[in-house]
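Number of protein chains: 4
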Amino acid sequence: MTIQAGILGATGYAGVELARLLLRHPAAKLAAVGSVSFEGQKLYDVYPSLRGLCELECEDAGAVIAESDVVFAALPHGLSQDTAAECVKAGKKFIDLGADFRLDDPAEYEKWYGCEYKYPALHEQAVYGLPELFREEIRGKSVVGNPGCYPTSAALGLAPALRAGLVEPQGIVIDSKSGVTGSGRKTTQGTHFPECNEAFSAYKVAAHRHTPEIEQTLSKTAGEKATVTFVPHLLPVNRGILSTIYARFKPGATLGAARAVYEETYRNEQFVRVLPQGAGVDIRSVKCSNYCDIQLYADEHTGLLIVTSVIDNMVKGAAGQAVQNMNLLFGLPEETGIDMIPMAF
Amino acid sequence: MTIQAGILGATGYAGVELARLLLRHPAAKLAAVGSVSFEGQKLYDVYPSLRGLCELECEDAGAVIAESDVVFAALPHGLSQDTAAECVKAGKKFIDLGADFRLDDPAEYEKWYGCEYKYPALHEQAVYGLPELFREEIRGKSVVGNPGCYPTSAALGLAPALRAGLVEPQGIVIDSKSGVTGSGRKTTQGTHFPECNEAFSAYKVAAHRHTPEIEQTLSKTAGEKATVTFVPHLLPVNRGILSTIYARFKPGATLGAARAVYEETYRNEQFVRVLPQGAGVDIRSVKCSNYCDIQLYADEHTGLLIVTSVIDNMVKGAAGQAVQNMNLLFGLPEETGIDMIPMAF
Amino acid sequence: MTIQAGILGATGYAGVELARLLLRHPAAKLAAVGSVSFEGQKLYDVYPSLRGLCELECEDAGAVIAESDVVFAALPHGLSQDTAAECVKAGKKFIDLGADFRLDDPAEYEKWYGCEYKYPALHEQAVYGLPELFREEIRGKSVVGNPGCYPTSAALGLAPALRAGLVEPQGIVIDSKSGVTGSGRKTTQGTHFPECNEAFSAYKVAAHRHTPEIEQTLSKTAGEKATVTFVPHLLPVNRGILSTIYARFKPGATLGAARAVYEETYRNEQFVRVLPQGAGVDIRSVKCSNYCDIQLYADEHTGLLIVTSVIDNMVKGAAGQAVQNMNLLFGLPEETGIDMIPMAF
Amino acid sequence: MTIQAGILGATGYAGVELARLLLRHPAAKLAAVGSVSFEGQKLYDVYPSLRGLCELECEDAGAVIAESDVVFAALPHGLSQDTAAECVKAGKKFIDLGADFRLDDPAEYEKWYGCEYKYPALHEQAVYGLPELFREEIRGKSVVGNPGCYPTSAALGLAPALRAGLVEPQGIVIDSKSGVTGSGRKTTQGTHFPECNEAFSAYKVAAHRHTPEIEQTLSKTAGEKATVTFVPHLLPVNRGILSTIYARFKPGATLGAARAVYEETYRNEQFVRVLPQGAGVDIRSVKCSNYCDIQLYADEHTGLLIVTSVIDNMVKGAAGQAVQNMNLLFGLPEETGIDMIPMAF
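Going line by line, the protein sequences match chains A, B, C and D. So for the first sequence, this note's numbering puts the first residue at 1; every next one is plus one. So for the second sequence, this note's numbering puts the first residue at 1; every next one is plus one. So for the third sequence, this note's numbering puts the first residue at 1; every next one is plus one. So for the fourth sequence, this note's numbering puts the first residue at 1; every next one is plus one.
Keep in mind that the hints were calculated from the coordinates and are not lab data. Take the hints with a grain of salt, since some may be wrong.
If several chains are the same, the list does not tell them apart, and a pair holds so long as it fits within one copy or across any two.
Under the rule of at most 30 Å between Cα atoms (straight-line distance), these lysine-lysine pairs were calculated in the DSS-like manner [claimed, not checked]:
hint, residue 1, residue 2
1, K204, K42
2, K225, K250
3, K92, K250
4, K186, K204
5, K42, K186
6, K111, K186
Everything numeric in this text was worked out from a predicted model, so none of it was measured.
Start from the sequences and build out the full structure, keeping to the hints where you can.
Next up, the structure:
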């Protein structure tokens with residue numbers, strides 16, 4: 001059986017990356033693509049890289065849903081809820097690359113996104129789609145909130161230490177740096193080449209919407225409320241996120257213990273590589289792949305565990321992880337269609 | 001049957017790109033990798049991107065040949081000849097990514113490379129592996145000279161016009177711009193980041209070793225001696241070549257005629273896209289793929305046909321084309337294992 | 001006496017670069033800045049680099065003119081003519097960084113820019129402000145058409161050979177590559193970081209508006225009609241233009257003769273450096289300076305003179321040359337305020 | 001009187017940046033340049049940007065010292081001590097851009113650099129040359145330890161809060177990102193363009209030699225021992241450092257109080273700009289200038305003060321600050337020769 005997959009918001013960066021992956025997925029077919037802005041145009045008119053590789057024309061949401069077994073939505077927040085409801089009603093799977101199904105607490109969602117949860121029952125059926133941490137909960141679900149890019153790098157980077165009780169869940173500092181595709185396809189002054197190239201800045205300092213999502217996941221793994229100071233930065237590269245995470249060791253905890261826990265946690269994970277001591281992570285080494293590379297350090301004189309964690313923000317941080325979730329929902333081996341080898345350069 | 005493939009010079013950029021492709025090739029297995037500088041080390045020690053994906057250790061050439069049905073060599077010029085002879089003797093296929101089997105004329109080779117052809121008989125059996133132009137000659141051969149990166153972009157860009165007699169074969173100007181991976185892995189002052197980033201320069205102006213190779217192919221397709229002024233430039237990007245080609249229209253020839261010829265020539269080619277009028281080529285649209293995109297223009301007030309041609313120098317300009325040749329040698333569909341969709345960004 | 005200088009279009013890239021130079025000019029004072037889009041805002045609100053360095057607020061054109069002895073205009077084409085007329089009437093100098101005063105022939109202007117010359121008498125008084133070629137004609141004028149960036153690199157690169165009759169004025173090919181600041185401050189999809197970074201493309205192939213300007217200057221220096229095929233490319237760097245120029249040697253002309261002519265022509269020029277044989281030009285070596293570096297090559301087997309010429313498109317290609325013209329108009333040493341040493345990196 | 005200035009290690013990046021500044025310094029003359037590797041060559045042979053601007057030839061250290069009133073040394077650590085002693089003996093000023101005169105405690109120097117202080121008396125006369133914090137101590141000294149690039153951004157960013165007792169001096173996290181010129185001119189695999197471009201990594205995590213220097217300055221300003229976790233990252237740009245600094249507010253301290261203290265501290269500083277609320281710092285806005293831009297944030301839910309601080313690592317982080325120190329030593333206005341306006345792009 002071939003899974004018929006549709007993408008809403010296909011002309012955004014996450015959307016076209018999904019298209020790229022699904023066009024080569026051995027068990028799925030890219031059945032339909034949707035776009036509000038480019039309806040009626042070929043996807044390759046927007047992305048010439050796809051010329052000759054995909055003849056699909058952008059359709060409206062209804063048409064995409066009708067042609068699909070699973071619908072991926074890469075839409076502005078707030079717009080996925082109705083679509084999700086419609087998909088569920090029609091017996092389709094729905095994977096949301098936006099923020100509408102990531103937060104458990106409606107109050108947090110309203111606080112950070114300014115919208116309400118319209119279908120509480122729907123949210124109860126939804127699952128947070130970070131397979132390495134919540135694999136068993138994902139299987140069999142119909143609605144998946146695909147994690148944000150920063151939260152993916154942060155959660156994979158810190159969850160094992162928190163779960164094992166090696167670090168304090170309070171006062172965690174996460175200093176993240178993301179490539180510019182994370183800002184999306186829409187042009188802005190700050191992403192205009194001459195103002196972004198040879199530039200570097202922090203943005204939404206301690207005020208980014210991914211903060212509650214990160215705290216939610218870290219709290220779940222810690223078993224108690226975790227608090228995080230999160231500062232994202234805009235990195236003048238196309239792809240990649242590196243998160244540098246600072247957490248306080250609990251008394252008695254050591255780097256050696258942490259290393260053992262991480263290696264054990266991720267031993268059988270296809271997409272997480274805990275590097276041996278002496279190696280360093282680089283966004284270059286996971287580029288265009290679904291990998292997350294992790295390295296651990298201790299600052300003994302200040303008592304901190306330092307974790308560096310890298311992903312490709314467009315793959316493990318968006319489209320790749322979405323396909324990983326699709327594979328889980330449909331009972332396929334998790335790496336199907338997303339076992340790309342990272343570019344070395 | 002699975003093809004056992006070996007790579008000599010696997011730790012160079014073309015070598016590791018080959019490894020990346022062969023590790024995902026459905027009909028081949030990366031059986032062995034060779035390196036003089038890193039013998040005894042894992043390939044992933046040199047390229048951490050491969051960690052967990054390839055456990056091969058760099059071996060000496062003899063071991064690599066012994067374990068392989070086909071040997072790819074990405075070696076400095078002059079070093080491939082003995083290896084090729086050895087492979088042929090042992091009944092193996094040999095695909096050379098260096099320059100030792102590209103030029104028909106030993107005098108030209110000696111003039112530009114300062115070495116002699118040691119085994120004239122071997123060269124008579126060798127073929128220039130540009131499948132779109134010489135497909136039938138490649139099948140069944142044992143030794144392939146994989147084309148240079150610049151010559152690939154130039155030949156695909158101009159061959160149809162020359163073959164159809166639309167442009168003069170003399171006085172062609174080819175102004176090419178290549179990403180820095182084309183300079184290889186070895187560090188130099190000119191490729192040191194602060195001196196290469198935000199920089200741009202021409203090099204080996206009208207003196208680059210790819211000139212005779214370009215002239216050879218263009219002469220073959222023109223049916224008479226072609227002369228080319230070739231100027232390469234170093235572009236501050238990792239991957240990609242764009243060649244801007246200027247040729248004089250023969251009397252009566254038109255852009256419309258040229259367009260018709262190109263479309264006809266490449267109609268059934270998997271890896272060449274002649275863009276419709278109004279679209280422009282960009283190295284971005286072929287990145288990490290085996291595609292060559294081509295666009296045509298006329299400057300009517302000066303009587304020139306202008307062709308822009310782009311490839312990924314590491315794929316169609318090196319490793320991808322080498323695999324394409326392997327597929328031809330082994331009777332596989334030509335796109336096997338190299339049907340990657342270009343990155344949109 | 002201090003020259004009171006005003007800038008119209010001060011919030012564009014050429015405008016703010018002018019501001020940067022004028023703020024440090026020992027004989028001029030930046031008296032007023034104009035902007036339609038940002039009227040009433042401080043210049044540093046648009047360019048935070050200027051915070052603490054310039055308290056000027058953007059005003060309307062009338063106010064700027066009133067406060068200035070010389071007005072620089074960096075406006076869209078067609079808008080400078082009325083302003084120039086107003087300035088001349090008020091006895092002020094006018095230096096236009098746009099295209100309204102570059103072309104002698106009104107028909108060419110209308111053909112390429114779609115506007116008419118409104119004040120023919122004004123154009124007769126205007127001069128094309130390329131000091132190295134037309135220094136004596138500039139002195140004493142009131143209206144200067146500051147050359148385009150590409151034409152500056154092309155004209156300085158080829159004029160000596162044409163003037164000396166060493167190359168044919170027909171069939172010249174100019175393949176230019178420009179940094180992205182050349183496209184201006186306005187955001188576009190093509191200059192959005194993820195689509196411009198790691199990308200490279202030609203644009204307006206044989207159809208760029210700088211073509212008639214280049215031909216005009218080259219024809220003047222050749223003493224006969226010159227024809228040029230001009231192809232610009234967008235280079236993923238902030239600043240810099242490199243032009244690679246191909247011209248056919250006249251019978252008997254040699255590289256040695258050309259070198260002698262260039263060295264003689266530019267011997268006393270402050271801002272043009274003819275490099276010795278063996279050295280290559282690089283946009284890096286003129287960055288943030290008013291220099292033009294030139295190197296010459298011959299392709300003996302095809303009979304071409306090849307010239308490579310680099311400038312900083314924002315300095316010698318725009319703001320720096322404009323100040324050079326101001327210095328000429330006001331009888332100052334030509335290098336006053338623009339003797340910046342190029343960044344090495 | 002013109003100061004005769006000499007540079008040892010002039011062919012390194014800090015050295016040539018010093019040359020660039022000194023060649024335009026109104027009260028100093030670049031009298032001599034020294035280089036071990038390039039002795040006998042012109043400086044412009046190594047940096048073609050300087051062609052026509054500086055005819056100096058690289059000499060040995062003795063010759064440079066003899067011709068200079070002040071000697072700048074940009075040498076590998078350990079090599080400056082003898083030179084400093086020689087300069088002092090000869091009555092010359094010595095400004096060390098290396099690490100030999102930065103640390104007060106010989107044990108710390110030995111621990112981090114593996115060398116001993118050879119002339120304890122000399123170190124007692126030396127001063128740490130961060131003018132904004134230690135201006136009065138610098139005047140009249142003969143030996144200056146010019147601060148490291150990271151410590152400059154960190155100290156300017158956090159000193160006011162520590163001095164005012166607003167934050168805890170323990171457990172400070174400094175997450176810094178530096179452009180590649182910070183790694184120097186010597187080629188390495190990690191700074192080879194294809195491996196550095198589109199890449200990002202942390203290095204020397206919690207183990208960088210600038211850590212004790214940062215702690216020393218912060219301890220002095222705090223009046224008690226400060227402890228810092230310092231993690232540097234390599235940013236794929238040429239110039240610039242951004243430090244993101246996390247410190248715990250003391251009870252009762254607020255962002256408003258911190259802002260007031262910073263504004264007061266730096267009110268009369270030429271080279272430090274505390275941005276108003278709502279603006280963000282960017283390395284782009286200080287590029288090629290001696291400025292340090294600072295912004296403050298509070299994360300109220302975790303009780304942290306977050307400071308972002310940017311400098312140009314080659315100017316305020318090296319050559320510019322060295323000239324600032326020279327100006328102090330010679331009684332010149334501090335901004336003499338280093339009042340460059342930042343590039344906007």
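Hints versus structure:
In this assembly of identical chains, the alpha carbons of K204 and K42 lie at most 30 Å apart only when taken from different copies (24 Å versus 35 Å within one copy). In this assembly of identical chains, the alpha carbons of K225 and K250 lie at most 30 Å apart whether taken from the same copy (16 Å) or from different copies (23 Å). When the C-alpha separation of K92 and K250 is checked against a cutoff of 30 Å, the pair qualifies neither within a copy, at 45 Å, nor between copies, at 54 Å. Taking identical chains as interchangeable, the C-alpha atoms of K186 and K204 lie at most 30 Å apart whether they share a chain (18 Å) or sit on different chains (24 Å).
Taking CA atoms no more than 30 Å apart as the test, K42 paired with K186 passes in both settings, with 19 Å inside one copy and 27 Å between copies. For the homomeric pair K111 and K186, the shortest alpha-carbon distance inside one copy (25 Å) is at most 30 Å, but the shortest distance between copies (34 Å) is not.
Comparing the model with each earlier hint shows a violation of hint 3 alone; every other hint is respected.
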